[in-house]
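S.K.: Sequence:
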Amino acid sequence: MKGLLFKDLYTIKMQSTFLLLIVFLGAFLTYSNGNAGFLIVILGITIPVNAIAFDERANWDKYALTMPISRKDLTISKYVLALVVLVLGTLLSSGFMFFIHKGDPAANLAMIGGSFLFGMLLISLLLPLCFKLGTEKARLFLIIIVFGVVGIGTFILSNDRLASFSPAEASLYTVVGVIAAAIILIFIASMLLSLRIMEKKEIV
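The sequence shown finishes on residue 276 if you use the numbering used here, and the numbering steps up by one all the way, no holes.
FYI, nobody ran anything at the bench for these hints, they're computed from the structure. Keep in mind that the hints are not guaranteed to be accurate.
Quick list of in silico lysine-lysine cross-link-like pairs, DSS-like style, CA-CA up to 27 Å [to be verified]:
hint	residue 1	residue 2
1	Lys209	Lys272
2	Lys272	Lys144
3	Lys273	Lys74
4	Lys204	Lys74
5	Lys85	Lys74
6	Lys134	Lys204
7	Lys273	Lys134
8	Lys79	Lys134
9	Lys144	Lys74
10	Lys144	Lys273
11	Lys79	Lys209
Derived CB-CB ranges, DEER-like [as the list claims (entries may be wrong)]:
hint	residue 1	residue 2	range
12	Ala254	Tyr82	30 to 36 Å
13	Tyr82	Lys144	17 to 23 Å
14	Leu81	Ser104	28 to 34 Å
15	Leu91	Val250	30 to 36 Å
16	Ser243	Leu265	31 to 37 Å
17	Val250	Lys85	34 to 40 Å
18	Pro177	Asn131	44 to 50 Å
19	Leu212	Tyr82	23 to 29 Å
20	Ser243	Leu92	39 to 45 Å
21	Leu212	Pro177	35 to 41 Å
22	Leu181	Ile258	20 to 26 Å
23	Pro177	Asp145	39 to 45 Å
24	Leu91	Gly220	26 to 32 Å
C-beta atoms are modelled at their ideal positions from N, C-alpha and C, and glycine is treated no differently.
With these hints in hand, go ahead and build the complete structure from the sequences.
M.R.: Below, the structure written as structure tokens:
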């Protein structure tokens, strides 16, 4: 598993120009409007998906299965990679938010935490599609997924009952905790689904 993760991290070096562009854009947006959250989402989605795309082009899975590497290892390593990238993106965004933007610490933490969870949700929805359909087709669904998640969030926030929701009825921390727990469960369910897909997938 560690070897697979190092192999995937090595592919990041092959995307150095793209990564530098994203980091530069993140620093610029943080300076201009204080929003570095997108950096977490972009990195958390593109790097794991690109790692799978590299594997597809190199027929890596077929070669890997001739070694003592299981389909389970191949699948879980991509989820571990996604978490590693999300954490690294969060640390980078935190640095931008606290040293460039220097806004309200509570607001910064809320922005960073929300972006991390949003990135985790998107990659949970995207990875099973990558394993099932391939990265090229899965990328076509990315826009649908993003608009779907944003649309659902907008609908919930615009609901009259939620608009009149009183903090006295429930703790904000409880609501955030429930959302975080739900996304973690979705991430786990996504990994289990991907494992099932990979077990049945014909690798040629």
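S.K.: With reference to the structure, classify each hint as holding or not holding.
M.R.: Cross-check of the supplied hints:
Distance restraint check for Lys209 and Lys272: the Cα-Cα separation of roughly 19 Å lies within the 27 Å cut-off, and the hinted pair is therefore satisfied. The hinted pair formed by Lys272 and Lys144 meets the criterion: a straight-line CA distance of about 12 Å does not exceed 27 Å. The straight-line distance between the Cα atoms of Lys273 and Lys74 is roughly 23 Å, inside the 27 Å bound, and the hint therefore holds. For the hint linking Lys204 to Lys74, the alpha-carbon distance of about 24 Å falls within 27 Å, and the restraint holds.
For the given pair, Lys85 sits about 17 Å from Lys74 by alpha-carbon distance, which is consistent with the 27 Å threshold. Annotation: proposed proximity of Lys134 to Lys204 holds, straight-line Cα distance about 16 Å (limit 27 Å). Restraint check for Lys273 and Lys134: satisfied, since their Cα atoms lie roughly 11 Å apart, inside the 27 Å limit. Straight-line distance between C-alpha atoms of Lys79 and Lys134 comes to about 15 Å, which keeps the hinted pair within the 27 Å bound.
Between Lys144 and Lys74 the CA atoms are separated by roughly 13 Å; this keeps the pair inside 27 Å, and the hint holds. The suggested pairing of Lys144 with Lys273 holds, with an alpha-carbon distance near 12 Å, which does not exceed 27 Å. For the hint pairing Lys79 with Lys209, the CA-to-CA distance comes to about 24 Å; that is within 27 Å, so the pair holds. The hinted window of 30 to 36 Å between Ala254 and Tyr82 holds, with their beta carbons roughly 34 Å apart.
Taking 17 to 23 Å as the suggested C-beta distance range, the pair Tyr82 and Lys144 conforms, at roughly 21 Å. For Leu81 and Ser104, the Cβ-Cβ distance of about 31 Å falls inside the hinted range of 28 to 34 Å, so the restraint holds. Checked against the hint of 30 to 36 Å, the pair Leu91 and Val250 passes, with Cβ atoms roughly 34 Å apart. As the Cβ distance of Ser243 to Leu265 is approximately 32 Å, the hint placing it in 31 to 37 Å holds.
Our hint of 34 to 40 Å for Val250 and Lys85 holds, since their Cβ atoms are close to 39 Å apart. Hint check: Pro177 to Asn131, Cβ distance near 48 Å, so the stated range 44 to 50 Å holds. Taking the beta carbon of each, Leu212 and Tyr82 are about 27 Å apart, inside 23 to 29 Å as hinted. The hint said 39 to 45 Å for the Cβ distance between Ser243 and Leu92, and at roughly 42 Å that hint holds.
In this structure, Leu212 and Pro177 meet the distance hint of 35 to 41 Å, their C-beta atoms being roughly 39 Å apart. Between Leu181 and Ile258 the beta carbon distance is about 22 Å. The supplied range of 20 to 26 Å therefore holds. Between Pro177 and Asp145 the CB atoms are about 40 Å apart, so this pair conforms to the stated range of 39 to 45 Å. In this structure the hint that Leu91 and Gly220 lie 26 to 32 Å apart at CB holds, the actual value being about 27 Å.
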